[in-house]
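**Student:** Mind docking chain E on chain D? Use the hints.
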Amino acid sequence: QVQLQESGPGLVKPSETLSLTCSVSGGSISSYYWSWIRQPPGKGLEWISYIHYGGSPYYNPSLKSRVSMSIDTSKKQFSLRLTSVTAADTAVYYCASSHTISAAAIRWGQGTLVTVSS
Amino acid sequence: QTVVTQEPSVSVSPGGTVTLTCGLSSGSVSPSYYPNWFQQTPGQAPRSLIYSTNTRSSGVPDRFSGSIVGNKAALTITGAQADDESDYYCVLYMGSGTWFFGGGTKLTVL
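These protein sequences, in sequence, are chains D and E.
With my numbering, letter number 34 in the first sequence gets 34, and the count goes up by one each step, no holes.
With my numbering, letter number 103 in the second sequence gets 103, and the count goes up by one each step, no holes.
Check before you lean on any hint, since a few could be wrong.
Okay, derived cross-link-like pairs now, PhoX-like style, lysine-lysine, Cα gap no bigger than 25 Å in a straight line [unchecked claim]:
1. K64/D x K43/D
2. K106/E x K72/E
3. K72/E x K64/D
4. K106/E x K75/D
Pair by pair, the computed Cβ-Cβ distance ranges are [to be verified]:
5. L110/E x R66/D: 28 to 34 Å
6. S31/D x L110/E: 28 to 34 Å
7. G27/E x T100/D: 50 to 56 Å
8. T98/E x S84/D: 37 to 43 Å
9. P61/E x T21/D: 43 to 49 Å
10. S62/D x S28/E: 20 to 26 Å
11. P42/E x G55/D: 44 to 50 Å
12. G59/E x I101/D: 26 to 32 Å
13. V69/E x S31/D: 43 to 49 Å
14. S62/D x K106/E: 21 to 27 Å
15. S11/E x P14/D: 36 to 42 Å
16. S74/D x S11/E: 46 to 52 Å
17. T78/E x S62/D: 33 to 39 Å
18. G27/E x A87/D: 29 to 35 Å
To spell it out: a stretch of chain E is covered by chain D in this simulated footprint if at least three of its residues, at any positions, have a beta carbon under 8 Å from a beta carbon of chain D; those stretches are [what the hints assert, rightly or not]:
19. 32-38
20. 42-51
21. 64-71
If you are wondering where the hints come from, they were derived from the structure by calculation, not from laboratory data.
Virtual Cβ for every residue (Gly too), placed ideally from N, Cα, C.
Chain D on its own, in the form it takes in the complex (with noise of 0.2 Å):
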């Protein structure tokens, strides 16, 4: 089964650029549909983009002047980048899988958080 680790700095200052690698195992990551996901502090899920090998990546629609998102074959990896961060941009990012167009995430890391302060 396909599995999942995120990774990336904890802490970003305010107006800095947010970035996160997920690492995948298990799995071809040409198979599978890749995505991002975050949840801040006590709130709700909020999902932030997705790709599939071989093609565009897809945001939210209320982040995507400030998002992307790109995969790496050869390390077997998907990255996020989110820039101009603001405190309400901390959260738990999550980065997911899915073999169906039709299911948004069915594979889960186990999330990282990133806080935005200064």
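**Tutor:** Okay, now just chain E, sitting in the frame of chain D:
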């Protein structure tokens, strides 16, 4: 902008049946929205329960079922157990490659 709606909180008695719903602030949910349901307990990553309206994810007991009821997606839990007490989220596919989550339902088993 269309909002995905869920009941903020619902309660059920142990052994009972409960239905959580997922709707739209404008319009009706249909299978083309590929409703998904997730369960989340505090401090844990969400767990996929249902995708594409009524397909159970691997390992999910058949006490959990998904459907369309009226103009909403529905998650029904039969024979509720204490460890079903969790937050439940739905997400809908809105087209153009985008998904939107509902605000979540806190289920209490008492």
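**Student:** Compare the structure with each hint and give your call.
**Tutor:** So, going through the hints one by one against the coordinates:
no., hint, in the structure
1, K64/D x K43/D, "21 Å, holds"
2, K106/E x K72/E, "18 Å, holds"
3, K72/E x K64/D, "28 Å, violated"
4, K106/E x K75/D, "39 Å, violated"
5, L110/E x R66/D: 28 to 34 Å, "42 Å, violated"
6, S31/D x L110/E: 28 to 34 Å, "43 Å, violated"
7, G27/E x T100/D: 50 to 56 Å, "24 Å, violated"
8, T98/E x S84/D: 37 to 43 Å, "21 Å, violated"
9, P61/E x T21/D: 43 to 49 Å, "34 Å, violated"
10, S62/D x S28/E: 20 to 26 Å, "24 Å, holds"
11, P42/E x G55/D: 44 to 50 Å, "35 Å, violated"
12, G59/E x I101/D: 26 to 32 Å, "22 Å, violated"
13, V69/E x S31/D: 43 to 49 Å, "34 Å, violated"
14, S62/D x K106/E: 21 to 27 Å, "24 Å, holds"
15, S11/E x P14/D: 36 to 42 Å, "41 Å, holds"
16, S74/D x S11/E: 46 to 52 Å, "51 Å, holds"
17, T78/E x S62/D: 33 to 39 Å, "37 Å, holds"
18, G27/E x A87/D: 29 to 35 Å, "33 Å, holds"
19, 32-38, "holds (count 3)"
20, 42-51, "holds (count 5)"
21, 64-71, "violated (count 0)"
Comparing the model with each numbered hint stated earlier shows that hints 3, 4, 5, 6, 7, 8, 9, 11, 12, 13, 21 do not hold.
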